[in-house]
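K.L.:
In order, the protein sequences belong to chains C and X. Position 3 of the first sequence, counting from 1, maps to 3 under the working numbering, and the rest follow consecutively. Position 204 of the second sequence, counting from 1, maps to 1204 under the working numbering, and the rest follow consecutively.
No false leads were slipped in.
In silico DSSO-like links for lysine-lysine, alpha-carbon gap of 27 Å or less:
hint	chain 1	residue 1	chain 2	residue 2
1	X	K1198	X	K1255
2	X	K1156	X	K1255
3	C	K119	X	K1156
4	X	K1057	X	K1198
5	X	K1156	C	K141
6	X	K1156	C	K30
If we take Cβ atoms under 7 Å as the criterion, some of the chain C residues that face chain X in the derived model are:
hint	residue
7	N60
8	L62
9	D85
10	R88
11	T89
12	M93
13	Q97
14	N99
15	F101
16	H103
17	A113
18	V117
Rather than coming from a laboratory, the hints here were simulated on the basis of the structure. Beta carbons are placed, not taken as given, at the ideal position from N, Cα and C, and that holds for glycine.
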Amino acid sequence: MTNGTSVPAIDVQQLHKHFGEGENRLHVLKGIDFHVDDGEVVCVIGPSGSGKSTLLRCVNRLEEPTGGRILIEGSDITDPDADVDAIRTRIGMVFQQFNLFPHIDVLNNLTIAQRRVLKRSKDEAERIARANLEKVGMIDKVHAYPAQLSGGQSQRVAIARALSMEPDMMLFDEPTSALDPELVGEVLEVMRTLASEGMTMMVVTHEMGFAREVGDRVVFMDGGVVVEEGPPAQLINDPQEERTKAFLSQVL
Amino acid sequence: MTPRQRRELRRRVLYGVLVVGAVAVALVVDWAQLQETFFNVEIARDMFPEVATIAVKNTVIYTILAFAFGLVLGLLLALMKMSTIGPYRWIANVYIELFRGLPALVTLILVGFALPIALGINIPGGTLGKATVGLGLVAAAYMAETIRAGIQAVPKGQMEAARSLGMSQGRAMASIVIPQAFRIIIPPLTNELVLLIKDTSLVFVLGSTPVSKELTKFGRDLLLERANGTPLTVIALLYLAITLPLTRLVAQLEKRQARAR
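Extracted from the complex, chain C is given alone in its bound form (with noise of 0.2 Å):
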C-alpha cells in the first residue's frame, strides 16, 4: 500500500449523497473533498443537517455515495466489487448511540467480531478485547451486561470493540452526544489516550474544546458543502467564512 509517498488513509472526493426519491429527493452532499491522512486526527463540526455524520457513515459506506469515490488506503470502497466487509474490519466505528450489543455481555461484545469474522481463537480473542478494556478503563466490567452500564461506560466499551478488531482507522459518530454532561470526560479522555498514541481518527463532534485540544486538523461542514478548514486553532479562533464565525458564536 505505501509506495514512498504515503496514501491518506481515508480520501474522499467528490462525494455526493442524495436521500429519498423523485420530488422529495433530497441532496446532503453536494461534491465533498476531505482527506484524513495516516495519524491524523480530524473533526468534522457543523451544525445539524449539514451532512457531517453522513459524510462519516459513507466513510465506510453504511450509508451508499450516490456519486464520488472514497478511497480507504489507496483501495476504492465505492468499487462495486469492493469487499466492504473486509474493508469494515480495518475501520473502526463508534457510534452516537453506543449500540453495544445488549443480548450478551461486555466480554462477547469485544469478541464476537473478533472470532466470527477475523476467525481469531477463543483465547486470542478474549486476550485482545481484555487489553482493550484495561485500556479504556473498564475491565472490571468485562462480565457486565450493557444495561448496567452507564452511559459513559457504555460508549468506553464501544470504543474498546471497535479497537478489538485492531483496525487502521477509527470514525466517532458524535460520540459524546448521548452523554449525561458529567460523563463527556471520561469517553473524551480515550479518544485524547488513543489520538496520542498516533491513531488516524475521524470525529464529527460537538466538542469545540476537544477539536481545538486533540485535532490536527478541523472541518467546518454547511449544507452539504466543506465551507471552511484549518488548523484547529486558527480555525476555531480566527474563522475566515462568515458561516464558519456564524456557527462558531452559537456554540462557543
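Go by the hints and put chain X onto chain C.
P.N.:
Here is chain X on its own, set in the frame of chain C:
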C-alpha cells in the same frame, strides 16, 4: 330519594337478582345427576394412567413438533417477507394470507388426504408426521408475522454496529438481530404455543389408533363409550394443567420485560 339512597337501592336490587338467580339454579339443577354425569369419580379413575401416558403425551408431542416446524418455517417466511427480492416477498405474502385464512381443520385435511390422493405426496411419520406438518403450516403463517415484527423492533443501530465490525448481512442477522428479536417476541410466541395446544384437538380428522389419540379424541371416545360426561371434565382439567402454567409464564415474562425497559 337522595342520590345516595338511589345508589344504595340500585346496589341492593343488583345483589337481589344475583341471589334469586343462584337459588333458581340450585333448585332447578339435579345435583346428583350432575355429579353422576360430569364428576363420576369411578370413570375418572378408570381413565388413568392411559389419559396421561397416551393422551397428554400425544398432545404435548404434537404441540412441540408442530411448534418447532412452524418456528423454522415462520422464521424463513419472515426473512423472505423482508427480502429485497420481490418474488420472495410475494411468495411469503401469499403463503401467510392463505394459511392464516384457512381453518386449521382444512389444512389438516389437505395434508392428510388431499395431498396423498391428488398429488401422491405422502408425508412420512404417519399421524405424527401429518399432524406436525399440518399444524406447523398454519402456525408458521402466524409466527412469520410475529417474528418479522420482532426483527423490525430491534433498533437499526444493532445491524449497523454489527456491519461496522465487518459482519456480513447474514452473519449480523444470525448473531445479533435474531437473538434479540426472539427475546422481544417470547410473549406472543408463547401465546402461539397455547393456541397450538388447543389446535391439536383437530388431529382426530387424520384418523387415530389407540396409541395416537390426543386429549380431545381420547375424551370423546370415552364419552361415547361410557355415555357419560366425566371424560370431558377430566380432559378439560388436563388442558388447563398444560396451558395455565404457560400463560402464567407469559405474564411473568411480560412483567420482566416491562421492568427491563
